[in-house]
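Asks: Going down the list, the sequences are from chains A and B.
Everything in the first sequence is counted per this note's numbering, starting at 1 for the first residue and increasing by one.
Everything in the second sequence is counted per this note's numbering, starting at 1001 for the first residue and increasing by one.
Read the hints as simulated data drawn from the structure, not as lab findings.
Treat the hints loosely; a few may be bogus.
What the hints assert, rightly or not - Using C-beta positions, here's what the derived DEER-type ranges look like:
(1) A:Lys-272 <-> B:Pro-1164: 48 to 58 Å
(2) B:Pro-1164 <-> A:Lys-337: 35 to 45 Å
(3) A:Asn-540 <-> B:Asp-1418: 12 to 22 Å
(4) B:Asp-1418 <-> A:Lys-272: 27 to 37 Å
No residue lacks a Cβ here, since even glycine has one placed at the ideal position from N, Cα and C.
What follows is each chain in one-letter form.
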Amino acid sequence: MNKQFLKAGMLGLLVAGWLSQAAWAQSDPTGKRRITSTYAITNATVFKAPGDPGSKATILIKDGVILGVGNSLSLPKEAKIIAGDSLYVYAGFIDGAGTMGITKFKDVERPKDFVSSNPPDKIAGITPWRSAADAYAAVSTQVDDWRKAGFTLSQVVPDGGMLPGKTALVLLGDGKTNNFLKLNASLAANYRSSRSMYPATLVGVMAKFRDIYQNTSLVLEHERLFASTVGVRRPQATPTQLAMMQVVQKQLPVLFTARSELEIRRALALQKELGFKLILTGLENYESVIGTIKSSGTPVLIKLQVPDDKSIKAQKVEGVTESTKAQYTRVKESYDKALKQAAQLEKAGILFGFSTADAKAADVQKTLKAMIDNGLSQKAALAALTTNPAAILGVSGLAGTLEKGKLANLVLTTDTLFKEESQIKHVIADGYVFDYEIKKKAVKAETISTKPESAPNAITVEGLWEYTSETPAGSSGGEITLKRENGALAGSITYDDPTGSGKASAPIKNANLVVKTLSFEFDVAAGGMSLTVTISGEINGKTMEGTLSIPQMGFTVPLKAKLSSPSQAN
Amino acid sequence: MKKHIYLLAAFLGLGVSFAHAQIQKGSVLIKNATVLTVTKGKLESSDVLVQNGVITQIGKNLTTPAGVTAIDATGKYVMPGIIDAHSHVGLDVVNEGSAPITAEIRMKDVVNPYEIGIYRALAGGVTVSHAMHGSSNVIGGQNATLKHRWGSNDPADIIMQDAPRTIKFALGENPTRNHGRRNGIQPRSRMGVEAVIRNGFNEAIQYKKGWEKYNLAKAQKGNTISPPAYNERLQTLVDILDGKIIIHCHSYRADEIYMLINVVKDFNIKKLVFQHTNEGFKVAPEIAEYTMGASVFADWWAYKMEVYYSTAYNAAILQKNGAITSINSDSAELIRHLYHEAAKTQRYGGLTDQEALAMITINPAKQLGIEDKVGSIEVGKQADLVIFEGHPLSSYAIPQMTFVDGVKYFDRKADREDQRQLVAATEMVEPIFLRTNEEAYRCMQDVDEYFEAFQGAFIKEKH
């Protein structure tokens, strides 16, 4: 039913497309056809790629392609001008894996001789031959919502059982055109069991996955034999095996939804055992498996949503027992840990993007802010929205940066991207421009009244700082004493003695304060070698947040410090 | 302490990559205890030295090697870590109840090292448990033997990797109810159960032949024989026939126990252990002669028709007839006091201390094929040890410390109120209520859900 409707719809679209082409020179009675497909965003602050400090430039696009980014472009007459003087332009965001616009396939009717212990694949949720493209509706509120949040390209994942089908890359452009960039982008997989038949549980799904994989390998072997030798029985691959062949031949990655640490480990174990190409998606809790993910070299798509803080807010201050308070603390620790995970992925150097599946489009800004407030760099956040998913999806040549020749996918904001007051004014997807209303936010009274003592450049560094640095084995810490000597910063630091217990001390060198960022070095002798440790952090009032690193060893851990007794200002 | 080691390692460049957690091995000297070795008698005022996870010395007045922590156990008892040959603790799924044979299922796929039941078992002195598939199918899944290394993140770290493979079989009411009565397929009766097993093994023999034929032909020039289909279900049955897997069979009635003995004799299978075995006392000589024994409840029966003819003397009768006998829990609650369960064989059957302790140590170790590694206090064995206040077979016994591979994972004095490893960031903290015994018997876990779903789908299909 659904499929027929879709087919009819597609045909309708084709016909409509043909009509509109044919009627090109005629008038447009609907008045909806756009006047031009050429646009120029003039004199905007353009961020070509993550890490780009941004510079003024004009961007010219035509028919969904970026024709140029620069300051000396000659703009054709048909170019519609978008004045970008007060706008900031970024590459359009890419959703690594999502379900926007996807409807569930209709249940297949059970045969008369159905046996639940050995059901046909199509009933047991094993439909790798299906394509998300057949279940995708470009015109849907979900697609509108995610586009409004800055997304221009998505890998849409079909809904279904353990192997629901192939994903497709779609552009979130005009809903009336064919929006598919790539069909057959990856094979979707998850732990969803059939419940009422084999495989009925998680453990059955894992066994069935192996069975399908091994038998596909054997059918391929059979096909090779058949092709090379006369007199061999005809190979009879099932639809499942046919659809799995590219996976077994490692041409097509498996996009495995794995939310928790154990689910991630299980997918990695299957990958290690069978050897397929793997992308993990939908990650929510993964702090303890980051090392394992890193050593496996698997790219990941984390859920673009942080846990809600309902349980934190519900914690009562009065009338609770000590043991309840202890439980509160543990929940709070878990919550804080969850927010820090993205930053840890960055530190570990894992290629990661985002998945919009099960996430809320309206929360994107809040989610990114939470991740950045908890240590994720803005550069890494932008990479996770653009270049990283482009690389993971194999479309780096087409999307992810603002360069001549790439797809015209852009996000235009009213301020730099991660500023709280920044809003998205336009999204350009596949060369189609979408305009959004800008809300005037009430300016906070605080920022208007300038109190002299909180002037931003009055940074206090002199005094005694207490610091802690988080290592995977627990926290470690000591004290930093800083004073000015002849205008230059100097002092000493104590740290956990690596050769035993207790504290050791070292003089501080190369101390520097640039605006709010303090950095300095000290030497540690350990195991017969001298290592230089660098501490760098941003000061905010009486606290500092930053990193402790040993560049010689590529070792970096987060560090926090508190100015416990500031020196009297002189 | 730990962070210093970490920092030192980091500074020396020894291990900045902490991706691969190694299985921890500890060193400890337990001094001046009453050592219940189980296999070598009781040693008064003796010391047990553990180095790098292995028992290296047992004797009096041992000197403490440098870097080894000494524990004064004066007035206390040390026994081997308790082994539970029938448990479902630490598993995310117990039954794949959808087919009469599911030998391809691997419980190792669904081990959950975070389950609090593991810590509770440690608090009861249990260091090794046999995490089994449930009893919904005639031939269930392959089990996992776990070492209770509490605190591990990686399931692989709590799986006893050097333990042999085992598999779950089930006779009687559970598989006939699940498949026959509810689903209308074989087996519907005890005869059907036997037929399922025999058909399975016969099919496995054909499967093995098919592969042997292909593997021989494959190397020949101009071979036209194509590879047979892969079937891990049948391959696992082949492995049973080849003696690579120990069968652990859920059973109650004497007739079905004797039936399976005849079946395995016909297929020349030697490795068979009976589980529950409530009527084992009726066929004790046969069990002793043909099998690796029985793992039984101390005194648990009458929870369904086939378990009415039972006796608390079962373990003692089996033992006196020469069958290897162990006492198991099959329960996240009983696992916490298996030493009490073992003591019941003294009340009902008058077993000696050594015989009673063997029921929860060396005997289950034999049934799991790990008796050369654990199950007694002997030099060269893995240092799984429990220190008790009071004799473990006394009603007043309280486990004080539990060690696995020489690493202390439970210490009564350091027992925190909240021992959970994982706490959800979104958990609503609510008052805690004591739960009833609902989780005690997990042999049929996941089966009800399966049938609810099945019936739901069935009704829908009719419309």
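Asks: All hints are to be evaluated individually against the structure, with a verdict given for each.
Replies: Going down the list of hints, with the structure as the test:
Take A:Lys-272 and B:Pro-1164: their Cβ atoms lie about 22 Å apart, and the range 48 to 58 Å is violated. Checked against the hint of 35 to 45 Å, the C-beta distance between B:Pro-1164 and A:Lys-337 comes to roughly 39 Å, which is consistent with it. Separated by about 33 Å at the C-beta atoms, A:Asn-540 and B:Asp-1418 break the suggested range of 12 to 22 Å. In this structure the hint that B:Asp-1418 and A:Lys-272 lie 27 to 37 Å apart at CB holds, the actual value being about 34 Å.
Of the numbered hints given earlier, the model fails hints 1 and 3; all others are met.
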